[in-house]
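Undergrad: Taken in order, these protein sequences are the chains called A and B. Each residue of the first sequence is one higher than the one before, counting from 396 in this note's numbering. Each residue of the second sequence is one higher than the one before, counting from 1019 in this note's numbering.
Worth double-checking, as some hints may not be accurate.
[To be verified] Computed beta-carbon distance windows for the label pairs: (1) B:Ala1033 / A:Thr465: 55 to 65 Å; (2) B:Gly1081 / A:Gly472: 27 to 37 Å; (3) B:Gly1059 / A:Gly472: 20 to 30 Å; (4) B:Trp1142 / A:Ser433: 46 to 56 Å; (5) A:Trp431 / B:Ile1113: 55 to 65 Å; (6) B:Asp1042 / A:Ser433: 46 to 56 Å; (7) A:Gly461 / B:Asp1055: 47 to 57 Å; (8) B:Gly1081 / A:Met478: 51 to 61 Å; (9) B:Gln1056 / A:Pro437: 38 to 48 Å; (10) A:Glu404 / B:Ala1201: 20 to 30 Å; (11) B:Ser1073 / A:Lys417: 29 to 39 Å; (12) A:Gly461 / B:Asp1177: 24 to 34 Å.
No lab work stands behind these hints, which were simulated from the structure alone. Model, not experiment: these values are computed from the prediction. Note that beta-carbon positions come from the ideal geometry of N, C-alpha and C, so glycine has one too.
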Amino acid sequence: MSDSIYLDEARDPLIIAEAWMKDGKDVAIATVVETWGSAPRPVGSHLVIDADGNFHGSVSGGCVEGAVVTEAVDVIGSGKARMLEFGVADETAWQVGLSCGGRIKVYVERLG
Amino acid sequence: MDPYALKTLNAERRARRAAILVTDLGDGRDRIVREGDQVAGDLGAAIAKAFRSGSSGAVEAEGRTFFLNAHLPQPRLMVIGAVHISQALAPMARIAGYPLEIIDPRSAFATPDRFPDVALHADWPQDVLDRQPLDSYTALAAVTHDPKIDDFALKAALDANCFYVGALGSRKTHAKRVERLLALGASADQVARIHAPIGLDIGAASPAEIAVAILAQTILAFRSRGLDVKGAAA
Chain A
396 MSDSIYLDEA RDPLIIAEAW MKDGKDVAIA TVVETWGSAP RPVGSHLVID ADGNFHGSVS
456 GGCVEGAVVT EAVDVIGSGK ARMLEFGVAD ETAWQVGLSC GGRIKVYVER LG
Chain B
1019 MDPYALKTLN AERRARRAAI LVTDLGDGRD RIVREGDQVA GDLGAAIAKA FRSGSSGAVE
1079 AEGRTFFLNA HLPQPRLMVI GAVHISQALA PMARIAGYPL EIIDPRSAFA TPDRFPDVAL
1139 HADWPQDVLD RQPLDSYTAL AAVTHDPKID DFALKAALDA NCFYVGALGS RKTHAKRVER
1199 LLALGASADQ VARIHAPIGL DIGAASPAEI AVAILAQTIL AFRSRGLDVK GAAA
């Protein structure tokens, strides 16, 4: 719940992504597109990442951001979008998971 | 994501207008849909639903999977009148997720003592609304009983297409108000959008109960935008 009716420009991931783009940086945008069970961040949440691995925003409240950043740097290089899935249910696919027991699907794409 | 889509989306969000980013998860192509844009078929129906609920999610349509990221402006409540009802309404509205501001030029009413932690404007609605205009994601409740204060704000709310417009007063009081608003240039359709007597009919008696009724009617109006629901804004 927000008490402000205006965007928090200094912290808003999509505003930051646009500013990075204007600065000539390569940027990837990660978006939570599906959640199951108890997931820390709602569908639609964003993490934005630049080619150096700097990031803003959140897709999981800290549990899987490291892995998303690594994937995002690859996506910036290749330009090919990826769908990532995290959760306790598929620990063979990923070493990182959500301690809360939920599962999330994160779409990672390059800006431009 | 298309850089132009991102720029467009951010411009809409800054202007407090609703927009949905539609991404084809198969090929990654995306586009911005604004509220009121016509989109055909199952995808159009899903988009309309996302505008109402504000919920994002994946949908299957036309044999493809689309992700709809709904960006709705934060709805808010503008109250004209720093009265008893507003004192109860301020904390309730904040808890319900509708940040509230109060305008009342009577500086004896609009005091921080009576309204701790509330955005309070001890000024005429004309002056405040000039600086921060109303919009379609704002609800306006006029509760001063004083035409000098309420009328301008009500006309402004109708012109800005506020998603909810309510005015305190009996049917008799409201009949006179309707005449004044028509004289100010409001149309009959506009005036018909005003909820008066204000609030859902829950038999509210005390100021705090009236506040509950106003908040409930605001939520109903917000969640039924674009739908023909009894008791909600048309």
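Undergrad: For each hint, tell me whether it holds in the structure or not.
TA: Hints and how they fare:
1. The beta-carbon spacing between alanine 1033 of chain B and threonine 465 of chain A, approximately 36 Å, falls outside the hinted interval of 55 to 65 Å.
2. Look at glycine 1081 of chain B against glycine 472 of chain A: about 31 Å separates their beta carbons, and that is inside 27 to 37 Å.
3. For the pair glycine 1059 of chain B and glycine 472 of chain A, the beta carbons lie near 37 Å from each other, so the given range of 20 to 30 Å is not met.
4. For tryptophan 1142 of chain B paired with serine 433 of chain A, a C-beta distance near 49 Å keeps the hint of 46 to 56 Å intact.
5. Distance hint check for tryptophan 431 of chain A and isoleucine 1113 of chain B: the Cβ-Cβ separation is about 29 Å, which falls outside the suggested range of 55 to 65 Å.
6. Between aspartate 1042 of chain B and serine 433 of chain A the C-beta distance comes to about 29 Å, which lies outside the given range of 46 to 56 Å.
7. Between glycine 461 of chain A and aspartate 1055 of chain B the C-beta distance comes to about 38 Å, which lies outside the given range of 47 to 57 Å.
8. Restraint check, glycine 1081 of chain B to methionine 478 of chain A: a C-beta distance of roughly 18 Å breaks the suggested window 51 to 61 Å.
9. Look at glutamine 1056 of chain B against proline 437 of chain A: about 28 Å separates their beta carbons, and that is not inside 38 to 48 Å.
10. Separation of glutamate 404 of chain A from alanine 1201 of chain B is about 42 Å and departs from the stated range, judged on CB atoms against 20 to 30 Å.
11. Against the hinted window of 29 to 39 Å, the Cβ-Cβ separation of serine 1073 of chain B and lysine 417 of chain A comes to about 31 Å, which satisfies the hint.
12. The beta-carbon spacing between glycine 461 of chain A and aspartate 1177 of chain B, approximately 51 Å, falls outside the hinted interval of 24 to 34 Å.
In this structure, the hints that do not hold are numbers 1, 3, 5, 6, 7, 8, 9, 10 and 12, in rising order.
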